[in-house]
Amino acid sequence: KNQVEQSPQSLIILEGKNCTLQCNYTVSPFSNLRWYKQDTGRGPVSLTIMTFSENTKSNGRYTATLDADTKQSSLHITASQLSDSASYICVVSQFFSGGYNKLIFGAGTRLAVHP
Amino acid sequence: KAGVTQTPRYLIKTRGQQVTLSCSPISGHRSVSWYQQTPGQGLQFLFEYFSETQRNKGNFPGRFSGRQFSNSRSEMNVSTLELGDSALYLCASSPPGRDRVIGEQFFGPGTRLTVL
Chain A
1 KNQVEQSPQS LIILEGKNCT LQCNYTVSPF SNLRWYKQDT GRGPVSLTIM
51 TFSENTKSNG RYTATLDADT KQSSLHITAS QLSDSASYIC VVSQFFSGGY
101 NKLIFGAGTR LAVHP
Chain B
1 KAGVTQTPRY LIKTRGQQVT LSCSPISGHR SVSWYQQTPG QGLQFLFEYF
51 SETQRNKGNF PGRFSGRQFS NSRSEMNVST LELGDSALYL CASSPPGRDR
101 VIGEQFFGPG TRLTVL
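So the protein lines, in turn, are chains A and B. This note's numbering applies: residue 1 is where the first sequence begins, and numbers increase by one. This note's numbering applies: residue 1 is where the second sequence begins, and numbers increase by one.
Looking at chain B on its own, in the form it has when it is part of the complex:
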């Protein structure tokens, strides 16, 4: 079974631009979560999508948005990029059933975003 895939793996943008990151969950997983990881802050929760609906949201400004499609693939968008948005953006998917209750998550390799 293929793991969580994220594209692109690396991205360089300039301040003020916008960016869209993509995540394909493991087949059969309907929940997708997004995280921002920086050296100083560790992993910070952005939002979670389940069946095309945002179910949970972290404390990030409205410049960060996301969506989920009917095939469970998810995209994350950041508008008006700032230098501080440079980070590793991780996507994780969760399986249904008992694992969903436990909250098991499988992470993708991440997208390294650099804002210049």
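Chain A with its partners taken away, still in its complex shape:
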């Protein structure tokens, strides 16, 4: 069964600290993996996207890693800010002939950054 599991479900950290969010998937065939940030009541915004040949990608203070062999990804946030408080969603994409993608969404990790 194609699944994307994220951990932890929720996380509280102090401003300025680092944190790492985890994503494990059992999706095949695999096309790419994305991390989205979703502020409360808003639509998700893409942070990073990685294909199987990429094992790390950065976007400012956000760094995503991908291990295609173990089917694990992580999102590391450096020097957290209050504005990082949001849900972070891991999404794995399957690409099928015919030109369409099927997206498998994780349940998300809710991060709260406290002053």
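Don't read these hints as lab results, they were simulated from the structure. Think of the CB as a built atom: it goes at the ideal place given N, C-alpha and C, for glycine as much as any other residue. Any given hint might turn out to be false.
To give an idea of the chain A side of the interface with chain B (calculated C-beta under 10 Å), a few residues [what the hints assert, rightly or not]: (1) Gln38; (2) Arg42; (3) Ser85; (4) Ile89; (5) Lys102; (6) Leu103; (7) Gly106; (8) Ala107.
Each computed BS3-like pair below joins lysine-lysine, with the alpha-carbon atoms no more than 27 Å apart [stated by the list, open to error]: (9) A/Lys57 with A/Lys71; (10) B/Lys57 with B/Lys13; (11) A/Lys1 with B/Lys13; (12) B/Lys13 with A/Lys102; (13) A/Lys71 with A/Lys102; (14) A/Lys57 with A/Lys17.
Given the coordinates of chain A, assemble chain B onto it according to the supplied hints.
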């Protein structure tokens, strides 16, 4: 370039009513997908439209339907509303070309539907 827009942003309906939500994709994007997001279930795929044709469909009952117009704008309709339909409904558009292969999606702000 304007982002994905959704109207209305908030909606309150009662059980048994029907509702129509609207989505305008980013200019040049021809693929539009709809998602339901609830606290317990996360993001659930409803359907995808491309060039006015439904290309992919999730596991939702027939009360959920959609369509796409020639200008790529899309509407989603839910008939005979149930309490469990209360959710944030998100629309996402995808650009053509290589990004379409990668499956990049740009989400709108969503429509918050409350069913009483």
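To see whether the hints hold, each was checked on the structure:
| no. | hint | verdict |
| --- | --- | --- |
| 1 | Gln38 | holds, 8 Å |
| 2 | Arg42 | holds, 6 Å |
| 3 | Ser85 | violated, 16 Å |
| 4 | Ile89 | holds, 7 Å |
| 5 | Lys102 | holds, 7 Å |
| 6 | Leu103 | holds, 7 Å |
| 7 | Gly106 | holds, 7 Å |
| 8 | Ala107 | holds, 4 Å |
| 9 | A/Lys57 with A/Lys71 | holds, 16 Å |
| 10 | B/Lys57 with B/Lys13 | holds, 25 Å |
| 11 | A/Lys1 with B/Lys13 | violated, 36 Å |
| 12 | B/Lys13 with A/Lys102 | violated, 31 Å |
| 13 | A/Lys71 with A/Lys102 | holds, 17 Å |
| 14 | A/Lys57 with A/Lys17 | holds, 20 Å |
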